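Listed below are the residues making up each chain.
2 protein chains.
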Amino acid sequence: MPELRKDPIVGRWVIIAPDRVKRPQDFEHNFERTAHAFDPFAEGNESATPPEILAYREAGTPRNGPGWRVRVVPNKFPALSVEGELERRGDGIYDLMTGIGAHEVIIECPQNESNMSRLSVDNIREVLWVYRDRLVDLKKDPRLVHGLVFKNKGAMAGASLEHSHSQLIVNPVVPITVSEEMNGALEFFNYRGRSIYEDMIQQELANGSRIVLETSNFVVFCPYASRFPFETWILPKHHSSHYENIQRQQIEDLGVVMKTVLLKLEIALDDPPYNYILHTAPFDQPELKYFSWHIEIFPRLTGIAGFEWGTGFYINPVLPEEAAEFLRKIEV
Amino acid sequence: MPELRKDPIVGRWVIIAPDRVKRPQDFEHNFERTAHAFDPFAEGNESATPPEILAYREAGTPRNGPGWRVRVVPNKFPALSVEGELERRGDGIYDLMTGIGAHEVIIECPQNESNMSRLSVDNIREVLWVYRDRLVDLKKDPRLVHGLVFKNKGAMAGASLEHSHSQLIVNPVVPITVSEEMNGALEFFNYRGRSIYEDMIQQELANGSRIVLETSNFVVFCPYASRFPFETWILPKHHSSHYENIQRQQIEDLGVVMKTVLLKLEIALDDPPYNYILHTAPFDQPELKYFSWHIEIFPRLTGIAGFEWGTGFYINPVLPEEAAEFLRKIEV
Numbered sequence: 415m416p417e418l419r420k421d422p423i424v425g426r427w428v429i430i431a432p433d434r435v436k437r438p439q440d441f442e443h444n445f446e447r448t449a450h451a452f453d454p455f456a457e458g459n460e461s462a463t464p465p466e467i468l469a470y471r472e473a474g475t476p477r478n479g480p481g482w483r484v485r486v487v488p489n490k491f492p493a494l495s496v497e498g499e500l501e502r503r504g505d506g507i508y509d510l511m512t513g514i515g516a517h518e519v520i521i522e523c524p525q526n527e528s529n530m531s532r533l534s535v536d537n538i539r540e541v542l543w544v545y546r547d548r549l550v551d552l553k554k555d556p557r558l559v560h561g562l563v564f565k566n567k568g569a570m571a572g573a574s575l576e577h578s579h580s581q582l583i584v585n586p587v588v589p590i591t592v593s594e595e596m597n598g599a600l601e602f603f604n605y606r607g608r609s610i611y612e613d614m615i616q617q618e619l620a621n622g623s624r625i626v627l628e629t630s631n632f633v634v635f636c637p638y639a640s641r642f643p644f645e646t647w648i649l650p651k652h653h654s655s656h657y658e659n660i661q662r663q664q665i666e667d668l669g670v671v672m673k674t675v676l677l678k679l680e681i682a683l684d685d686p687p688y689n690y691i692l693h694t695a696p697f698d699q700p701e702l703k704y705f706s707w708h709i710e711i712f713p714r715l716t717g718i719a720g721f722e723w724g725t726g727f728y729i730n731p732v733l734p735e736e737a738a739e740f741l742r743k744i745e746v
Numbered sequence: 415m416p417e418l419r420k421d422p423i424v425g426r427w428v429i430i431a432p433d434r435v436k437r438p439q440d441f442e443h444n445f446e447r448t449a450h451a452f453d454p455f456a457e458g459n460e461s462a463t464p465p466e467i468l469a470y471r472e473a474g475t476p477r478n479g480p481g482w483r484v485r486v487v488p489n490k491f492p493a494l495s496v497e498g499e500l501e502r503r504g505d506g507i508y509d510l511m512t513g514i515g516a517h518e519v520i521i522e523c524p525q526n527e528s529n530m531s532r533l534s535v536d537n538i539r540e541v542l543w544v545y546r547d548r549l550v551d552l553k554k555d556p557r558l559v560h561g562l563v564f565k566n567k568g569a570m571a572g573a574s575l576e577h578s579h580s581q582l583i584v585n586p587v588v589p590i591t592v593s594e595e596m597n598g599a600l601e602f603f604n605y606r607g608r609s610i611y612e613d614m615i616q617q618e619l620a621n622g623s624r625i626v627l628e629t630s631n632f633v634v635f636c637p638y639a640s641r642f643p644f645e646t647w648i649l650p651k652h653h654s655s656h657y658e659n660i661q662r663q664q665i666e667d668l669g670v671v672m673k674t675v676l677l678k679l680e681i682a683l684d685d686p687p688y689n690y691i692l693h694t695a696p697f698d699q700p701e702l703k704y705f706s707w708h709i710e711i712f713p714r715l716t717g718i719a720g721f722e723w724g725t726g727f728y729i730n731p732v733l734p735e736e737a738a739e740f741l742r743k744i745e746v
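Chains as they are written, first to last, in my numbering: chain F, 415 to 746; chain L, 415 to 746.
Treat each hint with caution, since some may be false.
Note that the list lumps identical chains together, so a pair holds whenever it fits in one copy or between two copies.
[To be verified] Listed below are the simulated DSSO-like cross-link pairs for lysine-lysine, each with C-alpha atoms no more than 27 angstroms apart in a straight line: (1) 554 x 673; (2) 651 x 420; (3) 554 x 703; (4) 553 x 743.
Bear in mind the hints are in silico, worked out from the structure with no lab data behind them. Being a predicted model, the structure only gives us computed values, none of them experimental.
Model the full assembly from the supplied sequences, consistent with the hints where possible.
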């Protein structure tokens, strides 16, 4: 069973999951390990993964066999365990919690394809819908309070397999970055009486220099204080704090937006490693006026080094306005 | 002139330093770029760096020529500029500051050596003393409030040159991670009436399982909530919030401690990439009872991926107790 341990100074939780490697001696530099001849996520290799939790599949095809379009399985090396009691206890000045939670893998397509951008728009829409379905389901578990959907693309962004996939980790505590974001947004709302996300959309559309794309439902832009070169955010125009409440008609649009943005980044930066993160409100919160779900995408072109660790600042060598202009001009 | 831009939601500052690369198009994946035939930091190549700010050198040798043991120069591609006025202004909902600050490189030895652990103890002591000297000097600049000393070792940890070196970035605002750490430590002090660092030393020494090394002045241990495998902290037993107030006799001891710990990590993990960060209180604070300067060292064995970005949590596959036991047993 993994353990959650809390740093007593800054309140940061760490998941100690020793089952993921055998012994300290076995620990190796694992940055480059995506090249595999065998693809455990490909159609026909269903037995190479734990049994599926959910799959969108052709009518009449059996579970854990071929015939699916998008498939969700438990992570084979989970950071958190779904079985067990949520227990909290102290250890002198330290705090400890059992590592209860869910860690799932969303296999985005049956064929051996590493770039989400090359999937059909309909395929991407189903991936986006499966995120919703899994959040709706896991929200029912009273032990769990926040679901994080994210993608690691490429070894440098943390992917251990090439086949296009994303992950969902559902935590028993609200992550520190989520609560910081919620608190910051609430402070703005209390002070200005408006959602900061709405203000941001207004200012970005009025200014225009950081806009990458605008559709009827979404605004895509390189944020003013981009941490990374070509960092790109997707913000819904229709305010909603919980991604799991997304509507079909928004998913229709978001599928096109995702494909377009990922293709632009792929062309601009020569198939870069990247992460994207779905920011959404905790399960136990009602609909919030001050917070808006959104997606943050960042290519991993620059490393994170001592300065970033020590300060929480980032050094970005590319002006967001130049990155946005560059991305706007790319035809897809 | 670089710009400091503030994220309006979480208050994180970002340094936009476009002079560090030419155009977005020129931007390349720059993870592996330490291999250079020419060593601009070696003795005899002094003209390859900007003119020195400070050097410990043999009596009678001229500035910017051979004869030095430790040498400090401005970073050739600085993240912050030391010249100019500190100006703050708004841009709609956003905040902006001119990128005033210092960015220096500490060249740790004249010979082409990439591992600090292989330098003599006396050499390491001079490096540790030069950190102090530069902080004492930069503290006099009223525009600057916090100095961060850090080391990036190896390309995967962000180093762009192999020659053993560390860096100093002095900022016009207190970095977010520093203020979080100070606030957390103050909260503990207000609640318990003691410094958390003193409590931590007591508990670690009493328990013993996470101790790597103990000397008359320092305790070295793998922290309870280690973010990274083999993360190791060096805490002074004599409480002091500002590193720049360190005494000669502590430096004597710290030189031995640094060499021993770095050698142990090098042997244990086969010359890993690593960062270390000197945590010290802001310039404008008096001596603080609740905060203690210390050094955090973390080998970069695991990548940072979507989960860590999205949550601020870390997944560590190695128990700190096992890492410490492994490091204790290594003879150096």
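Hint check:
1. 554 x 673: For residue 554 and residue 673, the Cα distance exceeds 27 angstroms both inside one copy (31 angstroms) and across copies (52 angstroms).
2. 651 x 420: Classified as between; 23 angstroms across copies, 37 angstroms inside a copy.
3. 554 x 703: within (23 angstroms within a copy, 46 angstroms between copies)
4. 553 x 743: Neither: 41 angstroms inside a copy, 46 angstroms across copies.
Checked against the numbered hints above, the structure breaks hints 1 and 4 and satisfies the rest.
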